[in-house]
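Novice: Residues per chain, in single letters:
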Amino acid sequence: MTPKMLLLPILLPAVLAVVLLLLPRALRLVRDALAIAGAAVLLYYGFVFFSVKDLRFNVPWLGMGIDFDLRLYHFSSFILLALAGFLILITIYTTAKMKGAPREREFMAYVFLTAAFANGAVLANNFVPLVFFWEGLLITLYGMITIGGRPTSGRTAVKALLISGFCDFSMILGIGLLWSVAGTATMSEISVEPTGLAAAAFILMMIGAAGKAGAMPFHTWIPDAGVDAPVTFMAFLPAAFEKLLGIYLLARIALDFFKIRPGSGLSILLMIVGAVTIVLAVLMALVQKDLKRLLSYHAISQVGYMILGIGTAIPIGIAGGLFHMINHAMYKSGLFLSAGSVEHRTGTTELKKLGGLRRDMPLTAFGFTVCALAISGVWPLNGFVSKEMIFHGALESGYTVFAIAAWIGAIFTFASFLKAGHSIFFGERTREVPEVRESPPAMVIPILVLAGLCILFGVYNKLPLTLFIQPILAGHVEAGETVDFTGHALAVFNPVALISIGCLILAFLLHRYGFLKSGRKAYLASEPMHNLPILHQAYDLAERRVFDPYEQGVKVLQGLSVVLYKGIDRPIDFVFEKVVTFTGEKFTGILRKAHNGHYANYLAWCLAGLIIVAGVISLLAK
Amino acid sequence: MIILFVVLPLIVAGILPLVGKVSRRVLPDLLANATLLGLLVYAAVAGRALIAGGPVLQQLSWLGEAVNLRLALDGFSLFMLLAIALVGLAASLFSIDYMEHYGAKANYYALYLVMIAGMNGLVLATDLFSVYVFLEVAAIASYALVAYGLSHDGLEAAFKYLMLSVVGSAFIVAAIAVVFGMTGSLDFAAAAAGLQELNAGPVLAIASAFFLLGFGLKAALVPFHAWLPDAHPSAPAPISAVLSGLLIKVSGVYAMTRIFLNIFGLTPALSTVLMGLGAISMVIAAFLALGQKDMKRMLAYSSISQVGYVVLGIGIGTPLGIAGGLFHLFNHALAKGLLFLTSGSVQQATGTRNLDEMGGLAKRMPVTAATNLVGALSIAGVPPLNGFWSKLLIIVALVQAGHPVFAVIAVLTSVLTLWYYLLMQRKAFFGKLNEKWAAVKEAPFWMTVATVLLALLCVGIGILFSTTVSTWIQPAADVLADGIHAVTGSWGF
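Chains A and B supply the protein sequences, listed in that same order. Note that the numbering used here has the first sequence beginning at 4, numbered continuously upward. Note that the numbering used here has the second sequence beginning at 629, numbered continuously upward.
Any given hint could turn out to be false.
Unchecked claim - Taking lysine-lysine and the BS3-like style, the derived pairs with C-alpha atoms no more than 27 angstroms apart in a straight line are: (1) A/Lys-569 with A/Lys-558; (2) A/Lys-596 with B/Lys-1055; (3) A/Lys-596 with B/Lys-788.
Read the hints as simulated data drawn from the structure, not as lab findings.
Isolated chain A, as found in the complex:
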């Protein structure tokens, strides 16, 4: 294993992306086989790299401390493996789901291009390559959303691009500050106290990382994309890849680059961002009537748990946050894929139109149920374990309010998934959806694999915890302190777990109440919540996107732009339109007139030039 091998996870998918794009449509089977084989090779090397763990590839690049520096160590090899795992599942799924869809080849190419950029970003050990790869992801993000093909897809793509672009821009600013504070761009050498300028750098970089993961208030493009983008995209980027990347970077920021201490202001800031994201996003998720939008809001809400966990700066909390990251990527990806499977056969994901699908699509129903229970934190699935760790962390930090926020989140998460699962797979068949069949194996297998992993990581949580999560923290705890969280992972008889289980029961009762109250219509089960006096107005405003900083920002900008247009732009435009182009044209005109083809003139210029040059040299030489 030479260090050069580290280029493989970047170059192979990039080359494959080009090949997949260029292969003619008639060779669909070859293309699919090639894609799956490529993803399998990446997965194999994911395991190889995970077993190697320590590799550094460093070539000088631009000078001035800017090197093309790739570093494989425990954390990055873990993320690399996870990315490869999701890549192969998504690839398999895509071969069936996107079959015959317009711009199918392009989608597959984007998937691999994204993988190339993501692998590069994870391996980068120097800020400049990191930013390079990180920015590259914007291209594929934009491209994949437009493939959705709905009238509003383009608009959503722009929205996603602008919001992500803003976050990335903040991150670049933060990196610039951190670079000047730390004096190096090599990531593994940076560790600074977060005070003064460094604190500003931390906040800016945090915006970049949390924004990539989709935390509030940088989340608003996700629900829109949930409807406008292909559902495979949702399972691929917002559910899996972006979470892994965003949280990876956030963990690097909070653990490595800055020394964040429990109880410090920045730790509390992170926990506030996390808690607010959990509660607000889950409240929005609760009242959604479309499965894809519902899942999108949960994708946001769950990020809150990860940020809260990492923000506690307490080992168990951080470990919980990171464990939640991988868990979330699995079940949320599984959920989106199930939504895609339902959509594939029925043509809709609106809860109202669906019902009783468990008999027609038993495997999808099973996968969905497992993933939904996992995300709700039901014992003994993986979501339970990681959430418990985060609750413990939040309590240990001494700020009970954050634990309470997390529990509120748990209640509504379960309630909304009861609603979704109940309306789609249980209850009576609806008239809108005719007789349907189970989706093809290429779509069902990825769902089942993810569901299986959710069970495995829950029941046998020792495996992921000792293999993946705990080594990440090894360098970050006090000497002598043990890093073993497997002890009370599935323990039920302690106050924290009992409260969590209480929350689940409460959620079940809430759902049942709503279900009965709305006349046994599952999709209306959240209406009592929806209609609560103040909440109702708030929901209405939210539906009208009053709370969407992007939409509001766009409105403010539009107002501002009218003012600027009339007051400043037109006058400036006059300067450019009339003055600049006029002088530019005049200038060009004069120059052109001077070039009249008479070589005597040209010769005269040469001689004049000679005199001037000779004069200047003699003057300067003295």
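With chain A fixed as given, assemble chain B onto it according to the hints.
Specialist: Okay, now just chain B, sitting in the frame of chain A:
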């Protein structure tokens, strides 16, 4: 055997007119392209191994007697040889189809190879007089090639080119005479050492000014540029590509930098003048390009502007600046060669060079349009193409060396560059297809091969720019950054 770079093309050029009597097309095509391919392979494969232990020197001898001609190959010359072989090969591949209707292909290739031999010799020369001789060899071949179509424009342009170029050569000879008078030697190493001892300020200033006029004229720096926009567009497309891509750089920039940096030593005064000339050329020519309707004329002005970048970069005198300048020289040679070749494809297909008459050609000539776009974006400095990196290096070097004003000018000029190239794209290739061109077809095979080859190089070097810089550019820049020690130290016989 570095003499091969000069002798091989000369021998083939000598045989070609005879071969032309036997075979009108196939053999000349084959011979000329094989020669250039051979040179390219030799430069690319064997070159780096040759100079691994320092510069290679070769004393020519005739029947056992030493002749007064010595050649030397160092990092800088090797780099130039590679560029010459690369662009030369692309242009001659292009000629296979393009020169079909000009007739007398064998003679054309003979002149072409004489020009290549002249450029190669200039790059390998170790004394000032050989510089002059090879300069004239290349120049005289190029006068004939510009007029090769025997069109009215071509003849007039060739005449104008000849007149101004001769003036430039005269001043070069004068400057050489001044140096000889002062040091008693024409040899690079001896002249450099002699000038170092003499400390002759004012006379040296006159010599520098003469050289600047002479080489500035060859390199078409403003205000010595006015012949170029006439000469380059009137020539057949592959010749335009070689003139703009190579000749102005070899006989102008290469000779100038070799003499100023390795023999005179770059004084602050000279550095300021070079940067000033570079910046003026950059800006004025960019404005002029903006006002052109003729595709090839626009490209010709753009060449002046880009040579300005090269001179600006080298004029900084810091290692990074020199590397940036040389890298830009190389990139511009590829991209401008590519653009002139595609303009030839367009001209052959439509019969016009007027941008206003074109429109929508991308639909009929997709490969030409795509390769042209690559070349245009590369020169305009759009990442990740090669031109972006070289411009970036120049700008970074300017900032580091404490010339922020020049850096801003360089950035603004690249905006202008992007502007006129987008204008060209829009008028020629995008938009609605002009009905006149409904029957237009894609360029023939070899023409397409040549443009695709150069476009791939533009993209590939952009992606692998750090490898290119470290293997080819850096050794060349090291020679120049070494100043006069590069020749006095290791070039003595």
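Novice: Hint by hint, say whether it matches the structure.
Specialist: Right, here's what the structure says about each hint:
1. Restraint check for A/Lys-569 and A/Lys-558: satisfied, since their Cα atoms lie roughly 17 angstroms apart, inside the 27 angstroms limit.
2. Proposed proximity of A/Lys-596 and B/Lys-1055 is supported: the alpha carbons are some 23 angstroms apart, at most 27 angstroms.
3. Taking the CA atoms of A/Lys-596 and B/Lys-788, the gap is near 18 angstroms; set against the 27 angstroms cutoff, the hint holds.
Violated hints for the displayed structure: none, as all numbered hints are satisfied.
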